[in-house]
Each structure stands twice: as C-alpha cells, then as structure tokens.
Amino acid sequence: QKEVEQNSGPLSVPEGAIASLNCTYSDRGSQSFFWYRQYSGKSPELIMSIYSNGDKEDGRFTAQLNKASQYVSLLIRDSQPSDSATYLCAVNRDTPLVFGKGTRLSVIA
Amino acid sequence: SAVISQKPSRDICQRGTSLTIQCQVDSQVTMMFWYRQQPGQSLTLIATANQGSEATYESGFVIDKFPISRPNLTFSTLTVSNMSPEDSSIYLCSVAGTSYEQYFGPGTRLTVT
Chain A
5 QKEVEQNSGP LSVPEGAIAS LNCTYSDRGS QSFFWYRQYS GKSPELIMSI YSNGDKEDGR
65 FTAQLNKASQ YVSLLIRDSQ PSDSATYLCA VNRDTPLVFG KGTRLSVIA
Chain B
124 SAVISQKPSR DICQRGTSLT IQCQVDSQVT MMFWYRQQPG QSLTLIATAN QGSEATYESG
184 FVIDKFPISR PNLTFSTLTV SNMSPEDSSI YLCSVAGTSY EQYFGPGTRL TVT
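For the record, the sequence lines run as chains A and B. Per the numbering used here, the first sequence starts with residue 5, numbered consecutively. Per the numbering used here, the second sequence starts with residue 124, numbered consecutively.
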C-alpha cells in the first residue's frame, strides 16, 4: 500500500525563521513529488514540484528530495504570517497522486 | 495551469436527497479526479474519471452512491446520492497536468441536515 507520512503538527515558527516540513513515502518507485499549500477553507494550491534528487529553489521555498532515503522536505525561508497554512506532500509513480495528511504550520508574528 | 470552476460552491441539503456537483475546466484534460475532504482531515480520493470510459472508484466508494459522468474533455459531474449527515464534506474536483501534477477546483461545501 502506498503511503505518504507527514508530521501533523502544528509546527510553530517565529516570523523570519526557517520552517522545515518533512515527508516520507513508502513506494520506492515514486517518480514525482509535490508540495501543496492549503489555507483554511480553501482548496490545495501547488507550490513546488521536484523530480530528481537534490534541491530545487523557488523564491523563499526550497524543496529537497532524497530518493535513497525516501524523503522529501520543504524549507520556507523568512517565514511570514501569511505562510500559516496546512502543507500537503504528494507523491506518485502513476496517477493519481498519493497525499499525506498534511502538516499545519503556524508562523507567529 | 488549468482554471477549474465548480458549481455549486456550497449547499445545504436534506437527508435522503441527491446533489450533483459540476466541474468545468478551461482546457481539455484527459484525467479528472474527485476528492472528499472532511473537516480537519486530508484528501480522500473518491474516483478517477476519464472521458469515454467508466469511472474508477476507490475502495469504500461505489457508483450507486457517487455516480460520475464525464461527457467530454472539459466537464465532469459527481452526484452524491441518498445523502446522510455523514456525507457533509468538501468535494473537490482535480485535473492532471502535463508533468503528473494535479490542480484543484475551489471545492463544493456540502452540509446535509
């Protein structure tokens, strides 16, 4: 059974700090990895995708992938109160994506 | 990314009735998905809807309860039949992008009384 595990949180960080969100997955054949942000009462929004080992940076966001350890992470630099949301990790080998339960991030001003 | 709309955005329904949720995409897409998200919970996949074929349902979801139509490459409907309060949830339509990513519609918030 394909599983994606995330710490449910809440993860609380002060404004301006780095938030680190982690995700592990069970299907070693997974090829594609995504991070979604979901504000309360809204639908998930794709913020990062990563397909190969290493780091991928986009603005304040960095996604990190280690396929050998079956581990994906998302770093948010200079965290802002507007980053407070639930972050969903998603993984696939075939469609559809397999989603984790999400980590709730709270950025404290 | 595709622009996805859903109707209705919210509804309050009586138990025993049915509600049909529409999902419209601004471009042709092969794969569409229907999810349910109960309060405070993560996403649960109900079914995958491909144009021209029967929907594929996940374990725990059956066609009689959640019939799906996919008449063309830009439109799909999900019906929640014979509703009970346990069906109160947010229902989300999603489409597959070109690199295995998925995009979500705004959701339909359903309350069954």
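In case anyone wonders, no lab produced these hints; they're calculated from the structure. Each hint should be verified, as a subset may be incorrect.
Simulated restraints, written as ranges between beta carbons of each label pair [as the list claims (entries may be wrong)]: (1) A:S110 x B:R138: 34 to 42 Å; (2) B:S128 x A:S86: 19 to 27 Å; (3) A:I22 x B:T167: 27 to 35 Å; (4) B:N195 x A:K105: 43 to 51 Å; (5) B:S192 x A:I112: 28 to 36 Å; (6) B:T167 x A:S73: 23 to 31 Å; (7) A:S12 x B:E181: 18 to 26 Å; (8) A:S86 x B:S132: 39 to 47 Å; (9) B:S222 x A:S73: 20 to 28 Å; (10) B:S207 x A:I22: 28 to 36 Å; (11) B:T202 x A:A72: 42 to 50 Å.
All C-beta atoms, glycine included, are put in the ideal place defined by N, C-alpha and C.
Checked hints:
1. A:S110 x B:R138: 34 to 42 Å: Since the Cβ atoms of S110 (chain A) and R138 (chain B) sit about 36 Å apart, the hinted range of 34 to 42 Å holds.
2. B:S128 x A:S86: 19 to 27 Å: At roughly 25 Å between Cβ atoms, S86 (chain A) and S128 (chain B) fall inside 19 to 27 Å, so the hint holds.
3. A:I22 x B:T167: 27 to 35 Å: Given a distance of about 32 Å, which is inside 27 to 35 Å, the answer is holds.
4. B:N195 x A:K105: 43 to 51 Å: 34 Å Cβ-Cβ, so the 43 to 51 Å window is violated.
5. B:S192 x A:I112: 28 to 36 Å: The hint (28 to 36 Å, Cβ to Cβ) is violated, given that S192 (chain B) and I112 (chain A) are roughly 46 Å apart.
6. B:T167 x A:S73: 23 to 31 Å: Given range 23 to 31 Å: holds, Cβ gap about 27 Å.
7. A:S12 x B:E181: 18 to 26 Å: 22 Å, holds
8. A:S86 x B:S132: 39 to 47 Å: 23 Å, violated
9. B:S222 x A:S73: 20 to 28 Å: 23 Å, holds
10. B:S207 x A:I22: 28 to 36 Å: 45 Å, violated
11. B:T202 x A:A72: 42 to 50 Å: With Cβ atoms ~45 Å apart, the hint holds.
When each numbered hint is compared with the structure, violations occur for hints 4, 5, 8, 10.
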